[in-house]
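Visitor: Here are the chains, one letter per residue:
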Amino acid sequence: MDFLDLIDALQSLADGVLFGATYALLGIGFTLIFGVMHKINLSFAAASIGAAYASLLILAGVKAPPALVFLAAAGCGGVIGGLVYLIGFRFIPLANPLATLMSTVGLLLLIDEIIVHTTAGVPLNYPALFSDVIIRAGPFNLRGDLMFVFLLGCLCMVLLLMLLYRTRLGLATRAMSQQPVAAELCGISNTKVNILTFVTTGIVGGIAGAMIGAAIGMLSPLLSLPLTVKGLIVTVIGGLGSIPGAIIAGLLVGGLENLFQYWRGVSERDLYIMLLLFVFLVFRPGGLFAPATARD
Amino acid sequence: MDFYLGLIQIIGVHTLLGLSAYCVLHTGQVSLAQAGFFAVGAYVAGMLTVLAHWPIVPALLVAGVVAGSLACAVGFPALRVKGLMLVVATAAFGEAVRLFFFNFNYQLERGGFHIGPHGGEGFRQIRYFPEYGWSTLEVAAFIWVVVVLTMAALWWMDRSRAGAVLRAVGEDEVAAQSSGINVTVVKVSAMTVGGVIAGIGGGIFAHYTTHIEHIQFGIVLATFAVAYPILGGLSNVFGTLIAVIFIQGFLIEGLRFMGDWRNLLFGGLIVLAMNVRPRGLIDAGTITLVKRLVFRSKERASA
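Residue numbers (my numbering), protein chains in the order written: chain L, 1 to 296; chain S, 1 to 303.
These are computed hints drawn from the structure, not numbers from a lab. Check before you lean on any hint, since a few could be wrong.
Derived DSBU-like pairs (lysine-lysine); straight-line CA-CA distance at most 35 Å [said to hold, decoys possible]:
{"id": "1", "chain 1": "L", "residue 1": "39", "chain 2": "L", "residue 2": "192"}
{"id": "2", "chain 1": "L", "residue 1": "39", "chain 2": "S", "residue 2": "82"}
{"id": "3", "chain 1": "S", "residue 1": "82", "chain 2": "L", "residue 2": "192"}
Pairwise CB distance ranges, derived in the manner of DEER restraints [unchecked claim]:
{"id": "4", "chain 1": "S", "residue 1": "53", "chain 2": "L", "residue 2": "94", "range": "50 to 60 Å"}
{"id": "5", "chain 1": "S", "residue 1": "77", "chain 2": "L", "residue 2": "96", "range": "19 to 29 Å"}
{"id": "6", "chain 1": "S", "residue 1": "148", "chain 2": "L", "residue 2": "93", "range": "25 to 35 Å"}
{"id": "7", "chain 1": "S", "residue 1": "76", "chain 2": "L", "residue 2": "222", "range": "30 to 40 Å"}
{"id": "8", "chain 1": "L", "residue 1": "222", "chain 2": "S", "residue 2": "149", "range": "37 to 47 Å"}
Some residues of chain L that are not near chain S, with every Cβ distance over 12 Å (derived) [stated by the list, open to error]:
{"id": "9", "residue": "8"}
{"id": "10", "residue": "58"}
{"id": "11", "residue": "67"}
{"id": "12", "residue": "141"}
{"id": "13", "residue": "156"}
{"id": "14", "residue": "158"}
{"id": "15", "residue": "163"}
{"id": "16", "residue": "181"}
{"id": "17", "residue": "184"}
{"id": "18", "residue": "252"}
Each residue gets a CB set at the ideal place from its N, CA and C atoms; glycine is no exception.
Just chain S, with the same shape it has in the complex (with noise of 0.2 Å):
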């Protein structure tokens, strides 16, 4: 039971990123920087818990910010360029943050025990979890109601004016600015959700696994970050969730009796798939088939 618990809680922190990326794509931009962002959640959640001895809570909260207001801030200068050269830049952000990271030392003495983050071996004994008592269960409890208030926020924000705008943005740029949209605000604003979005991810991510080090958050993850939305497909917040299932719960943990294979599998699959559905698993063509089987239903049952 512990294993598919932990299994929903690995889901849930992926979904958190995935949608973090899914923000930023949605203006059109590849962002390979959702790592950096996730590892600093990380660390400022896991140092204000073990350090500190902040509250869950809080930490996160305070994660998000700071790791939203990096995004604001790397926002500016790297928007400014776009397609490759943003995916370059935003990749050589989120690789800087992790040689950070590889060469952060911060640690205090408690009862004759070194804690804190500790360069390449990491941050250890993250512990917030097992010392306030909380079980599997309520540990991917609490996970996923961060992801459902998250993509509840995200969904309305599609369809509210917000989202339009965002779109708009991502579609055609130059359409966009002429009908008086701010591109490099709704950019920025973009980035910045995502990374308020990924530095909550990372907290969480901290704390279940209790130990964090920086070969975690290398560019893999930053792809897997984007991978999932753009397999997914972008027309909502769950194709995101489909394709983290997918992804994790499918090809990496269902997949494991096929051993060495499985990695294989993986990569192959992926491709696949893209080959396949290039718009992503959902597209706006799975909603309307949904929307119209739904409906026919219907229509029969009052019939």
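For reference, chain L alone in the conformation it holds in the complex (with noise of 0.2 Å):
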């Protein structure tokens, strides 16, 4: 590997941790959703990129900045995420997991067709911001829509931690994570914190959704099932429940996968991603960052 090489390999590892912002977000909303209800939701991914659509069809007739786009994509992705919770959990006894397993499944597919059949399967271009800013560092170039995508990644990194740990709201997410029946003994009502978790991770999801179309430049239904694979993958490797673990292992899944793609192509990567996933299972099958009394 000559000199070159080696700059194109950072490249590719660079472009691609920028990108890995929208993992991390993912990976938060399927861990975020898991910590509370230890239930899994399938259709996140599909409904993060439904909130994508959802925010291009509100502003198609309105003239708006495309940064209202990322707004109205968090709001739709928010009552999306409520709705999830409505039609695919509040009347399904929780004691029996593999019940709302399948119904998420079935929502995934629901909000997938939904996409489909409101846009006839045509992928719609996505307004990305920033796209002609190039920040130059020696050898490197930086695509501005990655840094900006990387850069609001990382606020609502910061503002979820915040919710977390600084409000009320958080506390009673975390009380409930930790022990159900001790939070609800303190007048924590199990089904608004749960809505609640569901209408923040949707906004989370909403966001990440914008994301993706802004980076990629378009938004297609065919996104949903590779991110929801992907968002799955990160939340194991950053271990189950952890948000840092969440955010580091979707940067590094973001990262490796870009630089398997320069050295082995675009029909090998996700091959490789699996094989990381295994590696992990195999030698550390809690995850980066298992908390202490991880148990299923």
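Grab the two chains, each in its own frame, and use the hints to assemble them into the complex.
Guide: Structure, rendered in structure tokens:
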């Protein structure tokens, strides 16, 4: 490997890490819901893409600056998150893990099909911000749109952590995830915390969906399944229920994915990410930041 | 008529896929790797009949053995984790298998044609059934013989000690362990049996479609595999069959007249079914009900 190869590899690594912010947000969404309810919400990535689509629909008629798209996506994400809870979780006995798994799969298919139905399956262009800005640092170029996505992702994570650790809602959420019975005895409503968690993760998901749209430049319903798999991988590598873990794992997976794409081509790229997951499962099954009492 | 025979074939193959997930679900584990084992079975059986000119039955058996041993090998590391971790690990394994076949090239030249798996283009011309002059009816009958044999074996297993052990692990792992059951062995065996069934099902699938490619074995198929037993209920093998008929026969083929709206209804009906019947379409209550009805009519007949 000569010098130019090294620079190219580093460049793809950097681009990947910047894009990895979206994976980190998706991972946070999965991890938060798992932390509070001990349930998997498989429809989360599809809902995020759906929120990005909805924001496009809302702003289609209005002549609005592209920055508003992100706000609209966050709002739609929150609404969709609440709906997902009502339809897929509220009326299903939580003692049966298989039932909610299946209902979220149904929701995943439903959201995908709603997207296909309203757009006739045609990919839509998504507005990127700062796509004409390119920051040069020595031999490296940092794309402005990716930088924006990365910074927005970081901002989201900081806000989310503040929500979790500085507000009463965050306190209630953390209490519910540690000891649901004790939390209920202290007067915290289980249903209320659950629905607020779904709305919060929905907002995060909506922003992630908009970021993905902005970074790739378009939206397609075909994105939701690969993103579901990536989000789950990030969740597991980071350690279930761990938010810092999801962040670091997201950036790691994003960076490595782009690096493998540079080395081995796009068709083999995901194969190595799966292998990475298996390496983690064998040598560190609890993930990067497994909670001390991690027991399923 | 051929349309209905084709539908019967599809239902048969998907029942095998669902039953393979049913074995694993009994131990309380959700495995999204079944589509991967299905793919391995499809490619192995296809290569054996096309490239090595084996007859179909030994090819299917070998496909089952290969997929089963792979399941066993995957089972050991993957079953160290459970719950969500296992879902993700097996989903990743399934995707890895799919991506392997996406990059898999093994072609031989026969009479000026290249035959065999060809990467992203898939594996064409698995023409065992047409070459040996099997009619659609015969193929459908062959598939259903396999399905009935599998269902009978699983039905028997459910009633034997093995089934009780599987259920014990599924209901409460700690309790099962403390009554002297080796949980790892049980889980890995269930995974292996599931792998064998999925491999045989995949082999049949390859032969009746005559063309397979990697995209058919994606995460959607894996989800369907676990969806059948969950939707149908885990209390017995007929739940899976009913769910396959419900999904393949009613939701996919029966609602074709609805055009575009069918796909929308598909996800919606699954969500609705889970809201209304969270323990599956056929649960323990349904069985009691059916038994009571049957016995009451018998009593009336005798009285």
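Visitor: Checking against the hints above, which ones are violated?
Guide: none
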